[in-house]
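Chemist: Sequence:
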Amino acid sequence: AQKKRDELAAQNDKLKATAEKSKAMVIAAEKKLRPLLPQLPEPLREKLKPIIARFPEDSEKSTASLAERLQNVLGILDQASAFNATVASVKELRTFPDGTRAEVTTVYLGLAQAYYTNREGTLAGTGHPGPDGWVWKPDNANGKKILLAVQILEGKEKGATFIDLPVKIQ
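For what it's worth, this note's numbering labels the leading residue of the sequence shown as 84, then goes sequentially.
Among the hints, erroneous ones may be present.
What the hints assert, rightly or not - Within a straight-line C-alpha distance of at most 20 angstroms, the following computed SDA-like cross-link-like pairs (lysine to any residue) qualify:
1. LYS220 - ILE252
2. LYS174 - ASN225
3. LYS132 - GLU175
4. LYS220 - ASP181
5. LYS115 - ASP215
6. LYS220 - ARG177
7. LYS228 - LYS241
8. LYS251 - GLY193
9. LYS130 - ALA165
10. LYS114 - ASP141
11. LYS251 - PRO212
12. LYS106 - PRO139
13. LYS130 - ARG177
14. LYS132 - LEU160
15. LYS130 - GLN154
No wet-lab data here; the hints were simulated from the structure.
Start from the sequences and build out the full structure, keeping to the hints where you can.
Modeler: What follows is the structure, encoded as structure tokens:
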């Protein structure tokens, strides 16, 4: 009986050690992920709102179960990976430097680059993630090119063609 108790105690100690390692890994993942959340594109952040709401402000003091926390981390990573593998076209209201607002179509090339334009191609620009969120830069000179890219993506323009657009590589 003592031998069995010793075996169970050893097994219990091993499980506790594994749980502590798992907790440390989840805490590390949460700490690395938290500062990246503002850099996600707005449509993705909107989709992730329920998960982000459960994401702990302070990983060390979280009362959520380890399973829930791991599920949150994996949920964010899974959705970010899926978004990064797509070209997404989204209708948005954008406020411009002069204070005017207009509906634009924004085309996100994964998590790294975006282009926006209004229906006429007269208000256009580019975007990329910055440390505090996406940085948008007007580029009306490329408005017609961006509009053509949007029309091709939406199937309004027949046939594919090469469109020379600016890209910011970080």
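Chemist: Could you run down the list of hints and mark each one as holding or not?
Modeler: For each hint, the structure was consulted:
With a C-alpha separation of about 15 angstroms, the suggested pairing of LYS220 with ILE252 holds against the 20 angstroms cut-off. Proximity of LYS174 to ASN225 is assessed by CA-CA distance (about 19 angstroms); at most 20 angstroms being required, the pair is judged to hold. Between LYS132 and GLU175 the CA atoms are separated by roughly 18 angstroms; this keeps the pair inside 20 angstroms, and the hint holds. Taking the CA atoms of LYS220 and ASP181, the gap is near 13 angstroms; set against the 20 angstroms cutoff, the hint holds.
A hinted pair counts as satisfied when its Cα atoms are at most 20 angstroms apart, and LYS115 with ASP215 qualifies at roughly 15 angstroms. A hinted pair counts as satisfied when its Cα atoms are at most 20 angstroms apart, and LYS220 with ARG177 qualifies at roughly 12 angstroms. For the hint linking LYS228 to LYS241, the alpha-carbon distance of about 15 angstroms falls within 20 angstroms, and the restraint holds. As the CA atoms of LYS251 and GLY193 are separated by approximately 13 angstroms, the hinted pair is consistent with the 20 angstroms bound.
Between the alpha carbons of LYS130 and ALA165 the distance comes to roughly 12 angstroms, so the proposed pair stays at or under 20 angstroms and holds. A hinted pair counts as satisfied when its Cα atoms are at most 20 angstroms apart, and LYS114 with ASP141 qualifies at roughly 8 angstroms. Straight-line distance between C-alpha atoms of LYS251 and PRO212 comes to about 10 angstroms, which keeps the hinted pair within the 20 angstroms bound. Restraint check for LYS106 and PRO139: the C-alpha separation of about 14 angstroms stays at or below 20 angstroms, so the hint holds.
Note on LYS130 and ARG177: the hinted pairing holds, with a Cα-Cα distance of about 19 angstroms set against a maximum of 20 angstroms. A C-alpha spacing of about 14 angstroms is found between LYS132 and LEU160, which places the hinted pair at or below 20 angstroms, so the restraint holds. Of the supplied pair hints, the one linking LYS130 and GLN154 holds, its CA atoms being roughly 16 angstroms apart against a limit of 20 angstroms.
The earlier numbered hints are all upheld by this structure, with none contradicted.
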